[in-house]
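With the sequences and hints as input, model every part of the structure.
One line per chain: the protein sequences are A and B, in this order.
Under the working numbering, residues 1 to 154 are what the first sequence spells out, in order.
Under the working numbering, residues 155 to 724 are what the second sequence spells out, in order.
Rather than coming from a laboratory, the hints here were simulated on the basis of the structure.
Note that the structure is predicted; figures quoted are calculated from it, not measured.
Careful: at least some of the hints might be erroneous.
Partial list, computed: chain B residues near chain A (C-beta under 10 Å) [to be verified]: (1) Met433; (2) Lys493; (3) Thr506; (4) Val526; (5) Gln530; (6) Cys559; (7) Arg560; (8) Lys564.
Here a beta-carbon is modelled for each residue, glycine too, at the ideal position from N, C-alpha and C.
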Amino acid sequence: MNYFEILEAPISYKIDEQKITDVYLEKQRILHPDLQEKNHDDSDISLLNEAYHVLRSPILRAEYFLKLKGINTDAIVTSESASEILFLREQYESINSEAEIEKFNEYLQERMGNLIDSLYKLENNLEEFNKKFSLLRFIKSFLDRVVPDAYSGD
Amino acid sequence: MLIVGIDLGTTASVIAFMQHGTPRSIAVDVGKNTTPSVVNYEDNGIIVGREAIYRIDPAHSVFGIKRFMGTNKKFFGRSPEEISADILTYLKRSAEVTLRTSLDAAVITVPAHFSDAQRIATKRAASIAGLKVIRLLNEPTAAALAFGLDKKVNGIYAVYDFGGGTFDFSILRLKDGIFQVLATGGDNYLGGNDLDDSILINNLSSYGIDISQLNEGEKMLGRLVAKSLKENLGNEKEVKKNYIYKNKNYEFRLSDIIMRNIAQIYLSRTLKIADQVFMDAGITKKNVDGIIMVGGMTKMSIIKEAVQNHFALKLLDDINPEEVVAYGAAIHADSVAFKKTNMLLIDVVPLTLGIETLGGNVDKIIHRNTAVPIVQRREYTTHKNRQDGIKFHVVQGERPLAKDCRSLAKFELTDIPKMPAGAPRIVVEFSVDVNGILSVKASEKTTGVAQSVLIEPSSGLSDDDMVTILENAVKNRETDALEAAHVFLKVESERMINFWESLTNEIPREHKKFVQNEIASLKKALESEDFSQMAKHKKNIEDISGQFLDEIISERLSRKTLDQNRRELA
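Have a look at this one:
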């Protein structure tokens with residue numbers, strides 16, 4: 001079963017979050033380890049948790065959607081995205097204050113929001129969808145560099 | 155059989171149980187519901203709680219041990235696990251005496267951002283104390299549980315948990331008895347202790363003293379004086395307290411303005427984390443029904459105001475912020491132990507878990523905020539011909555480079571059959587259980603020769619150490635619960651008598667006669683080994699002294715000179 005099937009949703013980038021949450025919680029009521037006998041197998045609940053996590057995340061869902069459609073999701077760089085990535089790298093490398101980190105973080109979040117919005121319109125043009133997704137993933141990797149220290153592991 | 159919830163805190167601990175479907179704290183330390191997480195190791199025994207603060211001295215005292223959980227640091231030859239176990243033992247024994255029953259199992263809370271090593275250390279502390287751990291529960295989740303059960307609400311709630319040592323922020327969905335954590339964020343080294351340090355540094359520098367000139371004991375005392383200034387400030391413009399350093403009196407001050415400036419630094423860090431959690435949860439502020447305020451720091455009006463201003467959301471602070479976490483733990487303990495199906499808790503992995511790959515990048519295997527339990531597999535291969543070993547480095551954190559993440563473990567899979575590069579299929583399996591504890595296995599699939607490596611955190615106690623400590627703990631632990639309770643009651647009664655006899659002059663006049671009479675009765679009960687009388691008079695003294703002991707302790711700290719000849723803190 002793929003993740004969409006597990007959560008009883010059609011295979012589409014658009015999801016009804018309320019609906020998949022209802023299905024998820026309903027299945028949790030059956031599969032949650034607290035309700036099982038000792039030494040039970042965690043693989044069903046684990047798959048359910050993974051499916052929900054992926055489908056709820058706009059980035060992970062895009063990647064999973066492309067994979068289900070048989071599209072190779074290795075990084076694609078177009079001339080357009082290359083210039084944006086270079087620009088972001090310059091921005092990132094010139095950061096030298098807390099305030100600038102915050103500004104960069106905000107900028108990236110906004111840009112990510114735009115790209116996610118555009119993905120919804122490209123569901124029938126998988127080639128373009130994949131290009132946007134690839135750029136989105138680059139942006140996310142910059143965002144991971146500037147998340148608050150508490151997330152960095154130290 | 156009694157099942158409890160324990161909030162093992164950085165500055166204070168609370169133990170609670172379910173009584174007729176409602177969580178209640180058990181009064182353990184001088185009749186109070188919170189027990190300072192301070193332990194004194196003295197020649198005549200181990201002292202925990204308020205009396206340990208009263209008698210605090212660097213040669214014998216440990217406080218804030220929670221911050222050292224999962225590390226190799228030792229105090230007086232004891233590991234953080236053992237010291238935490240001493241706090242847990244005290245809570246367990248006191249609860250047993252109070253409730254007259256034996257206590258075997260507990261849900262123990264941990265900060266949501268506690269690492270693997272810190273979680274395992276907490277579990278070990280419990281087993282040294284003879285407590286079976288039903289579950290390690292994340293503190294903000296516990297608070298939401300207590301709140302949700304009390305108010306019977308549905309909706310989306312945030313938990314702002316600012317404690318003595320750690321900060322956590324979580325967003326949960328509450329729906330018909332299901333508590334679903336949507337996202338969590340936090341910092342294990344951000345708490346009230348940091349504010350105390352700033353207050354101390356601030357005051358010292360006003361006298362031209364640099365904190366680095368102080369030894370550990372002087373710092374310990376200074377922090378306690380700073381803490382008591384912070385707690386006494388309330389709505390005052392300024393509070394003062396004496397601090398003795400190298401036999402000289404210094405007047406420590408804390409004004410409302412200074413407090414605000416200090417708090418601001420730490421507040422902005424908490425709010426930044428909170429904003430990130432909103433992003434991770436995919437939730438906008440207007441969709442949240444309220445913020446549950448948890449932890450001692452949230453009693454400060456400065457903190458409340460700032461959180462209120464930042465989020466413009468309703469603050470929910472009508473359950474005691476110091477006890478709500480233990481309440482949640484008690485509720486969960488009851489629910490899990492008796493398999494109650496009307497309530498379900500879905501918690502998440504707080505930080506991304508991954509493997510370092512070539513070039514120092516991180517291959518993210520389990521993303522943060524994925525619900526537990528979760529198992530994920532990845533396949534790797536060799537990159538040299540006839541390569542028969544492969545090294546793995548397990549890391550935790552969001553940054554793309556392994557060097558910027560926290561290193562959890564390193565291990566090597568050996569005896570891989572010699573094959574051309576790229577032929578072996580090495581499957582690495584990460585699994586995080588409902589306690590938030592990670593285990594990693596690696597095996598080679600092509601040849602059918604599967605070998606697994608199970609990792610445990612490299613820091614802390616070794617397995618051999620644990621075996622020895624557990625053996626000793628079991629040997630020292632009386633097998634009969636009633637017998638154990640009696641021994642504990644006798645020891646505590648004797649200590650109480652000594653304590654108050656040495657403090658006769660500090661007892662407020664209106665209570666003096668009563669305390670002296672009760673002490674005399676307690677002595678009689680001890681002589682005749684009348685345990686029910688012992689319990690009765692001990693409780694009478696606790697109930698009355700609870701009204702003035704904190705004041706005596708606070709006074710004592712500001713008059714305290716440390717004996718410089720005594721051995722330094724290890």
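Hint numbers not upheld by this structure, sorted from lowest to highest: Those not satisfied come down to hint 8.
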